[in-house]
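Number of protein chains: 4
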Amino acid sequence: MAFQLPEFTLPNFEEEKYQKAPDITLGTVERDGVAPDDFYLTSHMPTFYKHNGEWLFPEHNSLNCVAVLEEEEIKIKEIREIKRGEEVVLSRTGDLEHGILVYRDGFDESIYSTPGKAVETSFSEDYEYLFKLMEHERDSDDGYIVWVLGPSVVFDYDTRNALNQLAENGYIDCLLGGNAMCTHDLEGGFLQTALGQNIYTQENVPMGHYNHLDLLNEVRTIGSIKDFIAAGNVKDGIIKTLSSMDIPFVLSGSIRDDGPLPEVIGDTDVALTETKKALDKATLIICIATMLHSLSAARMASSYRVRKDGKISPVYMYSVDVTENVVNKVGAARELMAFVPMVTNVQDFVVNCQKALITPAQKEFAEELAMPEEEFIKVENIDELEGEI
Amino acid sequence: MAFQLPEFTLPNFEEEKYQKAPDITLGTVERDGVAPDDFYLTSHMPTFYKHNGEWLFPEHNSLNCVAVLEEEEIKIKEIREIKRGEEVVLSRTGDLEHGILVYRDGFDESIYSTPGKAVETSFSEDYEYLFKLMEHERDSDDGYIVWVLGPSVVFDYDTRNALNQLAENGYIDCLLGGNAMCTHDLEGGFLQTALGQNIYTQENVPMGHYNHLDLLNEVRTIGSIKDFIAAGNVKDGIIKTLSSMDIPFVLSGSIRDDGPLPEVIGDTDVALTETKKALDKATLIICIATMLHSLSAARMASSYRVRKDGKISPVYMYSVDVTENVVNKVGAARELMAFVPMVTNVQDFVVNCQKALITPAQKEFAEELAMPEEEFIKVENIDELEGEI
Amino acid sequence: MAFQLPEFTLPNFEEEKYQKAPDITLGTVERDGVAPDDFYLTSHMPTFYKHNGEWLFPEHNSLNCVAVLEEEEIKIKEIREIKRGEEVVLSRTGDLEHGILVYRDGFDESIYSTPGKAVETSFSEDYEYLFKLMEHERDSDDGYIVWVLGPSVVFDYDTRNALNQLAENGYIDCLLGGNAMCTHDLEGGFLQTALGQNIYTQENVPMGHYNHLDLLNEVRTIGSIKDFIAAGNVKDGIIKTLSSMDIPFVLSGSIRDDGPLPEVIGDTDVALTETKKALDKATLIICIATMLHSLSAARMASSYRVRKDGKISPVYMYSVDVTENVVNKVGAARELMAFVPMVTNVQDFVVNCQKALITPAQKEFAEELAMPEEEFIKVENIDELEGEI
Amino acid sequence: MAFQLPEFTLPNFEEEKYQKAPDITLGTVERDGVAPDDFYLTSHMPTFYKHNGEWLFPEHNSLNCVAVLEEEEIKIKEIREIKRGEEVVLSRTGDLEHGILVYRDGFDESIYSTPGKAVETSFSEDYEYLFKLMEHERDSDDGYIVWVLGPSVVFDYDTRNALNQLAENGYIDCLLGGNAMCTHDLEGGFLQTALGQNIYTQENVPMGHYNHLDLLNEVRTIGSIKDFIAAGNVKDGIIKTLSSMDIPFVLSGSIRDDGPLPEVIGDTDVALTETKKALDKATLIICIATMLHSLSAARMASSYRVRKDGKISPVYMYSVDVTENVVNKVGAARELMAFVPMVTNVQDFVVNCQKALITPAQKEFAEELAMPEEEFIKVENIDELEGEI
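Protein chains in written order, with the working numbering: chain A, 116 to 504; chain B, 116 to 504; chain C, 116 to 504; chain D, 116 to 504.
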């Protein structure tokens with residue numbers, strides 16, 4: 116049977132409790148970036164707002180934001196973004212008595228993962244599900260797979276290759292990360308090292324500790340990553356691949372940054388806004404080996420989206436890290452909804468994805484490999500038919 | 116015997132190899148923020164530069180910077196800060212052949228900690244040393260103790276008290292951190308919760324998840340932390356104590372931030388510059404429970420300082436975290452020089468410091484506690500003698 | 116107000132559901148060490164068994180055992196211990212329909228700790244509670260505090276001292292552990308090293324790697340730890356202190372053991388039986404820095420005890436380890452009942468206990484230290500008044 | 116080029132320092148299980164002993180043992196095993212002055228892994244090397260691959276399959292572990308659960324917590340794992356596969372064990388002896404997800420072996436665990452010689468091995484998958500030839 120996303124069952128708004136509920140109350144913003152007293156604080160959860168007797172449903176939701184009524188629609192905004200005069204939903208309790216319905220039961224309860232499940236658990240089904248989900252989102256006309264990568268992901272030879280193939284096969288629609296991730300990836304493509312170590316052999320190359328800063332200096336000289344790649348300086352790597360495929364990446368700055376690269380957004384407000392724009396499109400989010408950027412994504416991203424066909428679908432977040440604590444924190448921020456924790460080495464994770472998510476032609480061959488070996492060898496031996504193979 | 120900082124032995128510049136070494140070579144910056152080819156990349160290590168036959172020694176050093184000759188002195192600058200026309204030291208090998216001497220042997224070899232030492236090790240001596248060092252730096256006229264704190268430090272009742280007492284007793288000269296740390300601390304002083312949990316009992320208070328954002332909203336309404344405190348809103352907490360004692364704190368923004376608080380520096384370049392200014396004064400740095408800010412400090416801070424009395428002293432960095440991986444990364448960034456890793460719960464660490472670093476009057480009493488109990492009780496009972504105590 | 120243990124409220128056996136419940140069904144053991152079909156599997160939870168219309172309550176319970184009716188009482192036995200002819204309670208569902216009542220609500224719900232609570236949490240109240248609990252159990256005439264120690268606990272100078280003082284002050288009634296813990300402790304007392312490192316300075320002593328095996332060889336020559344200590348070979352350490360105070364310790368063997376020491380129990384069946392005998396007396400269990408022995412204790416120990424005064428009290432288990440995963444596993448085995456996780460460095464934990472659990476005379480002085488300092492100094496100076504102190 | 120094991124270069128015994136070295140000194144054991152004073156303590160390292168002017172070389176070495184001269188050969192024995200009258204090599208310094216040569220330089224220095232290398236590192240080359248090594252050892256006539264498995268390895272559906280295929284393809288020659296690992300594996304084959312959770316879906320099955328003990332009870336009733344399998348009770352699993360292929364497994368008991376299974380060795384002395392017998396044959400050791408058994412193996416196993424062809428080859432140990440601390444401890448015990456740390460989820464590791472270590476026929480097909488896709492598709496399109504494929 117074909118893979119299907121979990122279905123969302125709308126509340127039965129004919130029920131008396133919904134009918135009886137009043138409209139939302141609104142308060143006016145008096146000062147830019149400051150919410151009115153008793154503002155209602157949003158979460159990622161699917162939430163309905165009653166206005167003029169109708170239940171409004173915003174296209175996506177976000178943690179610790181406010182709900183603004185704008186042209187008869189609910190928009191979810193960061194407090195820092197609201198402007199004087201805007202109308203903000205009020206309520207402390209966030210319940211039907213104030214015209215608000217946080218609807219946790221729209222999806223089947225299996226949408227919630229088990230607390231504490233992460234280390235020494237069975238991952239077979241989680242992988243299986245992820246692979247189907249990735250195929251589904253790649254093939255959907257509004258599927259949008261966002262990868263959030265920490266610097267250690269781009270260090271490894273196999274992982275670099277795997278990320279490239281995943282991008283080429285259509286499984287990456289946007290990349291979020293920081294200066295270090297991008298710098299290491301470009302250093303790999305420019306000088307075949309990461310922080311001065313040969314990417315494949317891990318041997319330190321002579322004067323290799325310069326490579327990192329030399330790369331930064333070169334890109335800063337040319338003025339942009341784009342022009343640096345265009346000048347033929349970069350042999351391979353995920354940034355080069357994304358650039359050549361016109362797939363966007365958002366690089367947010369932090370005080371740890373060397374350089375930084377010209378495209379890195381140093382103003383955290385702007386970085387947050389750009390990151391959120393990307394996450395608002397997401398239908399699947401894969402966070403790997405970064406606490407900072409994973410938690411940022413976990414805080415900002417909606418747990419659902421209204422798809423082009425009008426259906427409400429969950430936005431799954433996979434959190435992949437070798438440190439259990441990181442994964443647990445991300446899960447807590449998502450309230451475990453549409454959340455899958457995977458405590459593993461990130462290289463293994465990325466390479467597993469690549470191996471599983473092959474093209475249809477590759478897949479046909481791979482299926483033969485799964486045949487019982489006797490049969491498989493027999494087929495192989497019908498030499499007359501097969502000649503060249 | 117009184118506590119003494121490790122002494123730095125200068126190289127014997129009379130030796131032939133130093134005499135024979137040429138002057139440094141310089142290159143001119145042609146474009147702001149871009150280093151000339153073959154620039155020399157600095158580390159935290161004590162480093163001498165030969166110029167006009169003299170060995171220059173900058174007041175502090177920093178990782179991944181360039182050395183600029185300015186008015187016959189060497190200044191260490193971030194590449195992003197250098198300006199067109201400045202003269203930058205050139206060399207790839209960074210050795211005597213280019214007039215550069217990275218001098219790792221100025222301090223005794225015990226200044227280097229053992230690789231891999233962190234978990235399940237003996238800490239008694241490390242604590243003992245830290246306490247003496249803190250007393251020494253508090254009492255030095257140019258001692259400057261910088262604390263780098265993650266948000267989890269201010270969650271706990273005992274730890275809040277301990278930090279306060281440490282500040283009051285003179286053991287905190289500057290605080291570095293982010294928006295979350297400061298927000299949690301102020302929430303504790305404003306509403307007696309941290310992220311909505313009662314700080315002492317850890318019980319969730321009703322609607323407590325609003326407290327965090329309410330605090331942010333209130334401070335943003337008033338316009339500054341300073342005015343918010345002045346208005347009497349904050350009962351206690353380290354930020355209040357530091358404010359009342361005019362001890363500086365630098366808050367660097369990141370894309371994870373709610374709010375943020377008005378004093379948080381959202382531009383990462385500015386945040387880096389302000390952080391570095393603070394670190395340049397440091398004679399001791401204590402990093403607790405934050406990977407982002409600890410690594411940032413580890414990257415920027417010098418491993419030594421030239422003190423007022425002309426002596427060169429090490430700038431110790433203590434890295435305290437319950438996650439071994441964080442501590443190991445910080446240690447690697449410091450090349451294990453003047454570095455002490457402590458893998459422990461941060462509350463235990465801070466409370467330990469507070470208990471050990473008491474005032475002289477408190478100490479006198481505490482010493483009695485250390486007496487063998489029989490003697491101790493006997494003394495206590497001989498009331499006539501009590502005068503002397 | 117004086118500290119009180121949580122009270123246990125008995126079920127109201129007058130209620131119809133209890134009255135209507137049938138007696139338990141029994142099956143006969145046909146073969147030593149093998150349970151009859153449909154045997155009922157026990158947990159640590161308080162459990163009542165109806166027999167002849169009466170509700171029997173065993174003195175303690177244990178995970179994965181069977182309930183045996185013996186002389187009109189319920190005894191909880193390991194399956195390996197049951198003998199042909201014994202009568203074992205049958206039931207798969209373990210409910211009233213089979214005369215069994217697993218009573219999770221006897222204690223207030225605060226007896227259960229929050230899942231996932233361990234890292235970066237507030238510990239002030241947990242410590243406070245532990246210290247009161249330890250004092251209470253020390254002063255109870257049937258209090259019995261069992262410490263379960265891993266080898267890393269005895270490595271550190273301060274921790275060795277702290278353990279000694281805790282034992283001398285009456286806070287240790289029994290010690291459980293393995294060969295390595297005991298060997299390291301004795302090596303410390305014999306040669307002032309642990310695995311060849313000086314306990315205080317952590318410096319490797321010359322030929323120090325022999326110390327460990329030399330100690331083992333010496334004790335094996337003499338034939339017992341007891342005689343080895345009696346011969347004056349051991350200067351200090353917890354094993355010496357326990358021996359001199361006639362406090363029992365049980366050392367269970369494992370395949371990792373060097374030596375082993377003569378008192379180490381190499382037969383795992385015997386070791387399990389001896390460990391369980393100790394745990395059956397426990398009113399408080401503190402597990403530190405050992406996964407093997409902590410999980411073993413978590414599996415075997417009851418979560419409650421019937422005290423001398425007839426009251427049912429919880430048997431708290433504290434699990435202390437710097438690795439979150441260890442603590443979480445122990446908590447899972449206890450179903451989070453009467454369980455407190457503490458993720459911290461074990462040295463800090465032990466030293467904290469020692470500092471807090473001082474004698475009454477020490478405490479009187481310590482209280483003065485807690486006074487506001489002005490007052491404190493004033494009191495100190497009014498010599499005439501000192502008599503009262 | 117064909118894979119080759121690192122070569123061992125013998126010392127040049129013609130050199131004067133070797134010629135001048137005296138014969139070893141021997142001491143006589145006076146009491147069973149107790150070494151004579153000044154006994155020489157062994158390590159895993161290749162070590163030569165001069166006797167009657169000849170340099171003797173034992174077939175394998177082991178940590179913390181003694182060297183016994185027996186019929187003009189050196190045998191390495193645990194102290195507990197030595198008997199009255201045996202002749203033990205004496206020396207504290209273990210150097211040429213006592214006729215002993217610990218030869219760390221026989222292999223190229225690349226045999227030592229880098230300290231601290233484990234987390235966030237590049238694994239591509241390590242995997243590549245492991246796969247070649249496994250193939251080499253499988254195909255050598257004295258290759259012997261020992262797997263040391265913790266219980267979490269057998270929980271997962273994919274991992275169970277992967278282990279089976281690895282065994283069937285000849286990559287497992289011996290399995291070491293404990294009672295839990297074996298019990299979980301058999302529970303999976305008997306009831307399709309592990310600790311009551313469905314192995315694939317991870318859902319708890321009704322009354323599933325009985326499955327674990329029911330399995331133990333059933334096997335104990337029948338009397339042996341072997342007979343339990345023979346009776347057709349076990350559908351699949353690694354233990355069944357090994358049994359059917361007559362591949363040995365050694366199960367060592369511990370005080371954590373439920374049951375235990377009849378084949379579990381409860382006497383730790385016997386368990387150690389049996390484990391060591393297996394390890395003495397090993398040419399490659401893969402330790403996964405168990406601290407107890409990994410450290411036990413790390414302590415006992417030689418770091419080299421004398422192969423049938425007379426060559427000395429390293430015995431590589433791979434330590435695979437999601438907890439860095441475990442891997443670091445194992446590495447320390449091996450002195451990082453012929454040691455590869457891999458911090459990852461154990462399922463990913465095992466499945467990676469299985470996917471890489473396919474049969475020659477499978478491999479031929481797999482190689483096509485590696486072709487550039489255009490070419491690959493072209494081949495596939497020659498439909499006339501291929502028909503059925």
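Certain hints may be false.
Copies of the same chain are indistinguishable here, so a pair counts whether it falls within one copy or spans any two.
[As the list claims (entries may be wrong)] DSBU-like mimics (lysine-lysine), calculated; alpha carbons at most 30 angstroms apart, straight line:
#1 470 <-> 247
#2 470 <-> 350
#3 444 <-> 132
Think of the hints as simulated: they come from the structure by calculation, not from any bench.
Now the hints, each set against the structure:
In this homomeric assembly, residue 470 and residue 247 come within 30 angstroms of each other (Cα to Cα) both inside a single copy, at 13 angstroms, and across copies, at 20 angstroms. Proximity of residue 470 and residue 350 under a CA criterion of 30 angstroms is satisfied in both settings, with 23 angstroms inside one chain copy and 29 angstroms between copies. When the C-alpha separation of residue 444 and residue 132 is checked against a cutoff of 30 angstroms, the pair qualifies neither within a copy, at 35 angstroms, nor between copies, at 44 angstroms.
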